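For the sequence shown, the numbering used here begins at 21 and goes up steadily by one.
None of these hints come from the bench; they were simulated from the model. All values derive from a computational prediction rather than experimental measurement. Any given hint could turn out to be false.
In silico DSSO-like cross-links for lysine-lysine, where the CA-CA straight-line distance does not exceed 27 Å [stated by the list, open to error]: (1) K221 to K284; (2) K296 to K284; (3) K296 to K221; (4) K289 to K186; (5) K341 to K52; (6) K341 to K43; (7) K188 to K52; (8) K284 to K220; (9) K341 to K220; (10) K341 to K51; (11) K186 to K43; (12) K51 to K296; (13) K296 to K239; (14) K221 to K341; (15) K341 to K50; (16) K118 to K289; (17) K341 to K289; (18) K220 to K118; (19) K314 to K239; (20) K221 to K289; (21) K118 to K43; (22) K284 to K341.
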Amino acid sequence: MELILVFLMLLFIVEGVFISSIKHLSTQNKKKILAILFFVQLFLPAGLRHITVYNDTPAYAEHFQSISPNNIFDLNAFERFEIGYQILENIIYLLISKDPVALFFITSLLIQSSFIILFYRYSENLWFTIFLFIGLTHYFFLVSGIRQGLAIAVFNFAIPYLFNQKWKWYYLIVFISAQFHSSAYILFLVPFLNFIRFSKKTLIYTIFFTLCTFLSLDKILGIFYSFFPNYGSDYLGQEGISESKIGIFLVLLTYLIGLIIVVKNFNFKIFVNSDKQMLLFFLGNVLFLVLSIKFGILVRYTHYFIPISIVLLTNSCYRIKGIMDRFMMYLFWVIFLCIQVYIILVYRPEWFTVIPYKFYWE
Numbered sequence: 021m022e023l024i025l026v027f028l029m030l031l032f033i034v035e036g037v038f039i040s041s042i043k044h045l046s047t048q049n050k051k052k053i054l055a056i057l058f059f060v061q062l063f064l065p066a067g068l069r070h071i072t073v074y075n076d077t078p079a080y081a082e083h084f085q086s087i088s089p090n091n092i093f094d095l096n097a098f099e100r101f102e103i104g105y106q107i108l109e110n111i112i113y114l115l116i117s118k119d120p121v122a123l124f125f126i127t128s129l130l131i132q133s134s135f136i137i138l139f140y141r142y143s144e145n146l147w148f149t150i151f152l153f154i155g156l157t158h159y160f161f162l163v164s165g166i167r168q169g170l171a172i173a174v175f176n177f178a179i180p181y182l183f184n185q186k187w188k189w190y191y192l193i194v195f196i197s198a199q200f201h202s203s204a205y206i207l208f209l210v211p212f213l214n215f216i217r218f219s220k221k222t223l224i225y226t227i228f229f230t231l232c233t234f235l236s237l238d239k240i241l242g243i244f245y246s247f248f249p250n251y252g253s254d255y256l257g258q259e260g261i262s263e264s265k266i267g268i269f270l271v272l273l274t275y276l277i278g279l280i281i282v283v284k285n286f287n288f289k290i291f292v293n294s295d296k297q298m299l300l301f302f303l304g305n306v307l308f309l310v311l312s313i314k315f316g317i318l319v320r321y322t323h324y325f326i327p328i329s330i331v332l333l334t335n336s337c338y339r340i341k342g343i344m345d346r347f348m349m350y351l352f353w354v355i356f357l358c359i360q361v362y363i364i365l366v367y368r369p370e371w372f373t374v375i376p377y378k379f380y381w382e
């Protein structure tokens, strides 16, 4: 079963190369065909999964079956599930079906379509982006963590407004995102990164800031918990969310390799605001990964930065000038991530519980 999943990862590459080689299709049409094809392949396994597939699926199914709302806005203010998610859950329960399969189908439809739209808009090599999306295990997380998956899916639509510095719409969408998972409130701070004077020195300052924060994190957390003593108390004991240090180190190593490639191919003299924001997102992703070594709950914040980080890594590899150099770069990532995913599925299956996979009717 593990090898089958790795084979399916490679299938995205085969499809991408094949569609891209069709000469009579325009580049835009090739990209549209791949977007539709990849969406179907990402959406169906997530939307039609059995209740036992993925870590959080049973808990979401149990919660869905336990509600009995009188109307869409019949909400429980004392729930740990956010208001936005409760409203969506009530809509599905009252208007579509009381079967949890409907919940997984609709939420998967919303999440995967959002990511395909984001990748279609900004990726210069769609098949490689989708391969990284799965190989870096972000796809597995989104299917399992429905609430945060929805929050990230909503936030994806704020990205164009961030790049174009249209703050009113950006903050409105971020606010809506936070109604599905409260961790999204941290995204209110992202626009302040525009005040950073961007250069190679920014990288040095970021490394220095990350190290200082990491070394003083215990004191910072002590102050934080004096004001918010219960923050994360319902998560820290859960293995699937707090993450193991081995997993964090593995992901961090992967993104550090990616950061070297990104920086090497980034033009610090001539760049547009979107390039700057993408690199800052990549640095933010690495920052939270480093800090999560000490405080595992912080790893949840990395997931807001990962989609754009994947796009930037894709575009950086695509812009490598030498054909052979670019091919070797692709080959490295394909081998490296296939081995990594296989090791996780075999030796740490509890991280996602995607194996053995079953459809809901089995």
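Each hint tested on the structure:
no. : hint         : result
1   : K221 to K284 : holds, 14 Å
2   : K296 to K284 : holds, 14 Å
3   : K296 to K221 : holds, 13 Å
4   : K289 to K186 : holds, 24 Å
5   : K341 to K52  : holds, 25 Å
6   : K341 to K43  : holds, 22 Å
7   : K188 to K52  : violated, 30 Å
8   : K284 to K220 : holds, 11 Å
9   : K341 to K220 : holds, 22 Å
10  : K341 to K51  : holds, 21 Å
11  : K186 to K43  : violated, 39 Å
12  : K51 to K296  : holds, 25 Å
13  : K296 to K239 : violated, 32 Å
14  : K221 to K341 : holds, 25 Å
15  : K341 to K50  : holds, 22 Å
16  : K118 to K289 : violated, 56 Å
17  : K341 to K289 : holds, 18 Å
18  : K220 to K118 : violated, 54 Å
19  : K314 to K239 : holds, 12 Å
20  : K221 to K289 : holds, 12 Å
21  : K118 to K43  : violated, 48 Å
22  : K284 to K341 : holds, 12 Å
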